Every structure is written in structure tokens, then in C-alpha cells.
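Student: Read off the chains here:
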Amino acid sequence: MSFVRTRIETVGGAVVDASRAVVELWQVYIGTLAGVVRGGGRRGELWRQLHAIGNKSLLFIVVTLGFIGMVMTYEACLQLARVTGDFSQVGSQYLRLIVSDFGPTLTGLMLATRVGAGIAAEIGSMKVTEQIDALRMSGVLPIDYLIVPRFLASLVMTLMLTVLGGAVMYGAGGLTAQYSFGVNPSLFFDLALIRPRHVILMCVKAVAYGAAIPVVSGFCGLRARGSSEGVGWATTAAVIGSSFSVIILDFVISATALFLTGGDL
Amino acid sequence: MSAAIRALGAGAIRIAEEVGGIVVLTGQVLRALVPPRIDWRELVKNLHKMGNRSVPIVVLTAFFAGGLMTLQSGPFVKKLGATSLAGWAAGYAVLREIGPILIALMFSGRVGANNTAELATMTVTEQLDGLRALAIDPVRFLVVPRVIAMMIMLVALTVIGDLVALLGASVVGRALLEIDWSTMYFSFADNLKPYDFLHGIYKSVAFGGAIAMSSCYFGVTVRGGAVGVGKAVNAAVVAAAVSIMLLDFFITYLSG
Amino acid sequence: MTAALRFTDVHKRYGRREVLAGISLELAPGGRLGLIGPAAVGKSVICKLACGLEAPDRGMIEVLANHVVGKRESELGALRRRIGMLFQNYALFDFLTVANNVAFPLEQRGGMTAEEIEAKVAERLRAVGLAGSEHKLTAELSGGMKKRVGIARATVADAEIVIYDEPTAGLDPVTTQKIYDLLAADQARTGATVLAVSSDVVALAQFVDEIAFLYRGRIIYRGDAKTIADAPDPIVRQFVRGELTGPLEAA
Numbered sequence: 001m002s003f004v005r006t007r008i009e010t011v012g013g014a015v016v017d018a019s020r021a022v023v024e025l026w027q028v029y030i031g032t033l034a035g036v037v038r039g040g041g042r043r044g045e046l047w048r049q050l051h052a053i054g055n056k057s058l059l060f061i062v063v064t065l066g067f068i069g070m071v072m073t074y075e076a077c078l079q080l081a082r083v084t085g086d087f088s089q090v091g092s093q094y095l096r097l098i099v100s101d102f103g104p105t106l107t108g109l110m111l112a113t114r115v116g117a118g119i120a121a122e123i124g125s126m127k128v129t130e131q132i133d134a135l136r137m138s139g140v141l142p143i144d145y146l147i148v149p150r151f152l153a154s155l156v157m158t159l160m161l162t163v164l165g166g167a168v169m170y171g172a173g174g175l176t177a178q179y180s181f182g183v184n185p186s187l188f189f190d191l192a193l194i195r196p197r198h199v200i201l202m203c204v205k206a207v208a209y210g211a212a213i214p215v216v217s218g219f220c221g222l223r224a225r226g227s228s229e230g231v232g233w234a235t236t237a238a239v240i241g242s243s244f245s246v247i248i249l250d251f252v253i254s255a256t257a258l259f260l261t262g263g264d265l
Numbered sequence: 266m267s268a269a270i271r272a273l274g275a276g277a278i279r280i281a282e283e284v285g286g287i288v289v290l291t292g293q294v295l296r297a298l299v300p301p302r303i304d305w306r307e308l309v310k311n312l313h314k315m316g317n318r319s320v321p322i323v324v325l326t327a328f329f330a331g332g333l334m335t336l337q338s339g340p341f342v343k344k345l346g347a348t349s350l351a352g353w354a355a356g357y358a359v360l361r362e363i364g365p366i367l368i369a370l371m372f373s374g375r376v377g378a379n380n381t382a383e384l385a386t387m388t389v390t391e392q393l394d395g396l397r398a399l400a401i402d403p404v405r406f407l408v409v410p411r412v413i414a415m416m417i418m419l420v421a422l423t424v425i426g427d428l429v430a431l432l433g434a435s436v437v438g439r440a441l442l443e444i445d446w447s448t449m450y451f452s453f454a455d456n457l458k459p460y461d462f463l464h465g466i467y468k469s470v471a472f473g474g475a476i477a478m479s480s481c482y483f484g485v486t487v488r489g490g491a492v493g494v495g496k497a498v499n500a501a502v503v504a505a506a507v508s509i510m511l512l513d514f515f516i517t518y519l520s521g
Numbered sequence: 522m523t524a525a526l527r528f529t530d531v532h533k534r535y536g537r538r539e540v541l542a543g544i545s546l547e548l549a550p551g552g553r554l555g556l557i558g559p560a561a562v563g564k565s566v567i568c569k570l571a572c573g574l575e576a577p578d579r580g581m582i583e584v585l586a587n588h589v590v591g592k593r594e595s596e597l598g599a600l601r602r603r604i605g606m607l608f609q610n611y612a613l614f615d616f617l618t619v620a621n622n623v624a625f626p627l628e629q630r631g632g633m634t635a636e637e638i639e640a641k642v643a644e645r646l647r648a649v650g651l652a653g654s655e656h657k658l659t660a661e662l663s664g665g666m667k668k669r670v671g672i673a674r675a676t677v678a679d680a681e682i683v684i685y686d687e688p689t690a691g692l693d694p695v696t697t698q699k700i701y702d703l704l705a706a707d708q709a710r711t712g713a714t715v716l717a718v719s720s721d722v723v724a725l726a727q728f729v730d731e732i733a734f735l736y737r738g739r740i741i742y743r744g745d746a747k748t749i750a751d752a753p754d755p756i757v758r759q760f761v762r763g764e765l766t767g768p769l770e771a772a
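Chains as they are written, first to last, in my numbering: chain C, 1 to 265; chain Y, 266 to 521; chain G, 522 to 772.
Isolated chain C (complex conformation) (with noise of 0.2 Å):
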């Protein structure tokens, strides 16, 4: 009986911890929007974050949707040459796919993993050598001080880079489809299916991540407790949180996109 107590138990505080987490999760992003308004990042850091963010995250996303771009083509190609031979499609709908999902979704859990694991590990180291608490000493809000200039560097590069990324991926698509299954390349590079809810779908969710990954990092920074473990916990708990967040995010976004078209995507 006190088994099962004892379970209930471990289970119960989780959820407390977990719910009290989200409530203060919460609270930074609000922290943060009023920050915002409030006009309170430097306008230096907001440079100094556009370039971390942006110049040092240029060649990762290029390489990494450069890859799964060639990938995913050569697996679409693959099955088609299997199913129907027709490839007259390929090209305009993996262009549809990436401008609505896979530009987007990819280029934000890259950023997640990259920025976000960043952005922890400096805010976390901070915290655990108490700098923040010495910011506070001087009338500075952290907030405002650490995570504005990061949100607003975020947002802005998050969705140039999705531009990007996905840019890459569908020429490195092409360039597959061409050299492994002799797709024409003015077939394959073919907008015929893009319409505006396609872009909007891809501003939407690359404003969506540029916003979420910024303020999970920061918050999993500024509970960096202990030392050296505290900085390695909150980076890790950065990654998760904030790769898990484009994911739900995702899924949020399709999904009511889906209602709102009648599942005309």
C-alpha cells in the first residue's frame, strides 16, 4: 500500500514541479514581450546576438539541410521510380513540403540544438559564478539585460535562415534528382505549387521556433543551480525543451492549419 503511495507520490510532485516549471516558463516569455515593449535590450548586444546567432549558424544549417535535402529527395525519387516512374510532380510538391514544413521544422530544431544549447550554456555559466545575481545588484533585470537582445536576434535570423535553409535543401534536392535519377532540372525546379498560405504557414511556424527557442534556453539558464553539473543540466534541458517545442509547435500549427484550410494544404 505505501508502495503505491510512495509511487503516487513521485508521480505527484513531478507533475507540481513539472506545472510550476511551465508557470514560470510562462513568465519569461511574458517577462520577455514586455521587455520588448518596454524597449529594454541594447541596442550593441542586439549586433552582437544577430551575428552569434545568425553569422555563426550559417555553415551548420547550410551543411545539415544540404544533407537531409539530398536525402529526402533521393528517398522520394526512390519510391516513385518504384511506384509510378513519374517525376513530373517531384519537384514542385518537395517544394511544397518545404516551404509549409520541412524548411521551417528543419532549420528550427537545428537552431534549437545549436543556439539553444548556446545560449543556456552562457546564461548558466552566469548564473552559477552568481553574474546574475550581480546584475540584479546594479538594478538590471536579467530579463531584459540577457534574453531581450537574444529574442529579438532570434526571430529576425530564425526566419532568414529558414529562407535559407530551405533554399539549400531544395538545390541540393535538385542537384540529386538530376545526377541519380536524370530529373530535368527546369522540371524539378517548378513554384507551379506554391501559393500564399504556403509562405505564411512558413513565416508563421519560423517566427513561432525563433521566439520559443530563445526564451526555453534562457529560462533553463537562469535555473542553473550548483556549478559545472548545474551549466551541463541547463544546456541539456535547453536542447530538449527547445527541440521539443518546435516539434509541438509544429504539430500545432499543421494542425490548425489543416482546420482552417478544410485540409486543403
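These are calculated hints, taken from the structure and not from any lab test. There's no promise every hint is true.
Said to hold, decoys possible - Beyond 10 Å from chain C on every Cβ pair, some chain G residues (computed): (1) 534; (2) 562; (3) 599; (4) 610; (5) 612; (6) 626.
Stated by the list, open to error - Computed footprint of chain G on chain C, listed as stretches where at least three residues anywhere in the stretch have a Cβ under 8 Å from a Cβ of chain G: (7) 70-82; (8) 128-134.
Quantities reported herein were computed from a predicted structural model and do not represent experimental measurements. From the three backbone atoms N, C-alpha and C, an ideal C-beta is built for every residue, glycine too.
Fit chains Y and G to the given chain C structure using the hints.
Tutor: Chains Y and G alone, transformed into the frame defined by chain C:
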């Protein structure tokens, strides 16, 4: 201009250094396996730790990923009236690509990063030096069990995750697109071959190795205190992500 | 005259451990109080509570006649600028140079021109013996130098109450003496109230007027600093004299 080239060169050298270092560590791990004198207690402890930690997040992720695949392919398939293919469309992508890659990425974030943080903290607090002073080889004692545990765990998680993803695909198919359970099930059974499943498993073995080696390497080569640990974890997950994409590409091409 | 710092029945618990079990103390303006006790007993916690960096579970804390408990971050900003704090691990900003670290509180407070800030920073760095290190990054400094930068930053805004958490831990005896001379000179100049936590009782005793002993969550003794070694309480005596046997439990 020259500053940009210098930065590019420095970056290239750093990447070469890291790749070289990981290769060297891999060599050490392989040598420690012959003859296989593994610390079983460490191995079991790590299996338990890594498995316990990652099952919830992998299951959740896989469920939603499977659902996403149905959301993407479902409407298209329905419009063509080919609902019997719904399972194939979602399932194929899941088993061969989305499943192994997404699960590997989540694993890298949950277990790989954590592992790097642990090893890095041990290095920073000089525990590795302490082991060496006791004539215990840290690679054999710490790294090898973790590498083996991570590879085994990722394969197991991919199997579980694949199944959960197919379940997620079915649930979303039923709930949002009104595709019957049985339609989905037969669609899977008719169109997905065991080879598709195995293809994904081969990949997860490779991914597991990449994540494990990257994670351990950056853990034991950490420098500086708390800041260094953060940087090590960062580097480890980035390297793992790139390796996963690269390996996925090569395996897909090589196996056709 | 109202107290500069007042704790009233403060309790603080971390998880299952009750760190502070009813702390009450008062510090008059201009007074200098030292705080000693075994390791990890809660001395740093008291420092953090005094600044509102953490909140107690129960009890009242008043700093410079302002209530600190239950206030939001944005409300505490103005009060915190009147407090100077030296953190145990220096907490220097590793992304700023030495000069910018010391200038930070002044820049955030506003109301001073860039030249005024620069002059003040230069004066502080000279006082702590680090003139010429303005452009160094914290990574290039030794432990003692970091401590001194921390002291410069804590005292640059001429705070009304200054809290020093282990100002001389890990420093050699000569540097320790220099640091305490410096702290004494500063306090004589500004008349600030001082709370100093330290494990080095002998050096601390020359700097402060009174010493309080924190043990098992309570202040079990508070008396004149100069006669601390002959305190009536046997636990305090054993701690201060560094004796191995006595009522003090092994840590």
C-alpha cells in the same frame, strides 16, 4: 578580406582538430574492446540511467512526429482517394528517415548532452586525473561502457520510437482525417517491408556511435570551469547533429 | 535612530534542510558587524537575503528602513543601488573589462557623465592597487586581483550599506591585511554600515566592532569583536581558537 580568410582557416583547422581527436578516441575505444574486458557494473548502470531518462521524451517526440507525417501526407492522399496508401506514405518516411533521425537528435540532446556534462564535470574536478593516478584507464573504465550503452540504447529507443510513431500516425489519421484504424494497419502491413525497418535500425547504430563518440570526446577534452562545461556540451550536440545528417546521407546512398 | 539593517525572525529552508531557524539581528547605521560560523552554515544566505536576492520563508527584513520581503524585482532596483555587495566568488562580468565592471553600477544608476564615471573608476582602482589594469579581462586576473576588482565595484557607488562575503578567503596573510586596511579606510571615509562574513576571525576582528556567531540556523552569540576569543559561549570559544575538542560538532 584577409581577416575573413584567416577566420575561415582557423575554423577549418579547429574542425580538423576535433575530427582528428574523435577518430583517435574511437581508436582507443576499439582497442579497449579487444580483448573485451568491460566493467559490467558501469555498463549496466549507464544502460539503466540512459534508458530511464530518455524513454519519456523519445516516446512523446515519436508520437507527434508520426502524427505530423500523417498531417503532411494525409490530405494529399485523401484527395487522391488513395487512403490505403496513407499508412505507406507516413510509415515509409517514419521508418527510414524521420524516426531514426528525430529519435537520434532527441537522444543526442537528452543523453549525449548529459553525458558530456557529466564527463566534463569529472574532468574539470580532476577526477579523471585521479583515476589515472590509481592506474585505471579512464577510457576503458568510463568511456567504453558509455559508448556501448549509448549505442544499445539508441537502437532500442529507435525500435520503440518507430512503433510509437506509427501509432501516432494512426491516431492522427483517425482523429483528424477520419482514416480507419484498419485502413492504416493494412496500409502499413502491405506496403512496409522489414527491410525498411532494418534500414532505419542500421542508421541508428551509426547515429548511436557518432553521438557517443562526440559526446565522450568533448566531455573529456573540456577546459576551463563551468563555462568550459557549457561550451563542451554545446560543441557535442552540434557535432552530433552534423554527424547524424552526414551519416544519414552516406548510408542512404550506399544502401540504395 | 532606525536600524540600517534589521532581520526579524527570519526562516529559510532549502529542500529538507532548514538553514536559518529564526534569525533576528539589528545593525545601527555606521556600525560594523562581522558574521562567522562553520562552513555552509548560512552566512552567504544571510547576505543574499539582505539584498533581496532571495526571499525568506518567514520573517521580516528591512534594509535602510525599507521592507525587502515580498517586493518584485523592479521595485527593489532603487534600494539595491544603495547597497554594495562583494560576492564570495567575485561574480565579475566576464564579458566586460575591469574598468567596465567597476563602472557598471554607476552606468546603470545614471546621472553621471562619462568623464565623471571614468574618474571615479580610476580612483577606485587606484585605491585597491589595480591602477593600469583597466583594460584587462577577468580571465587574465589572479584570484586576489579579482577580489580587489570586486571590492572596487562594491564600493564605487558610495553605498550606504556594504556587504562583504568572504573578502579575504584564499588570500595570503599580507594581502589579507592590505584588504582589511582598505576596507577600514573606505568605511572611515563614507561612514557606511558594514556587514562582513569571514572565516578568518583574527583579521576580521580588527576591522569590525562586533561579531555574531551563526550556528545551526541561529545566532548564538553576539559581542565585542576584540574579546571574541574569550566569549562566554564554549562553542564560540572553540571555533575562534581553532581547538579540536569541544562542544562544536565535527563538520
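Student: Now tell me, hint by hint, if it's right for this structure.
Tutor: Verification of the supplied hints:
no.: 1; hint: 534; result: holds (16 Å)
no.: 2; hint: 562; result: holds (19 Å)
no.: 3; hint: 599; result: violated (7 Å)
no.: 4; hint: 610; result: violated (6 Å)
no.: 5; hint: 612; result: violated (4 Å)
no.: 6; hint: 626; result: violated (5 Å)
no.: 7; hint: 70-82; result: violated (count 0)
no.: 8; hint: 128-134; result: holds (count 5)
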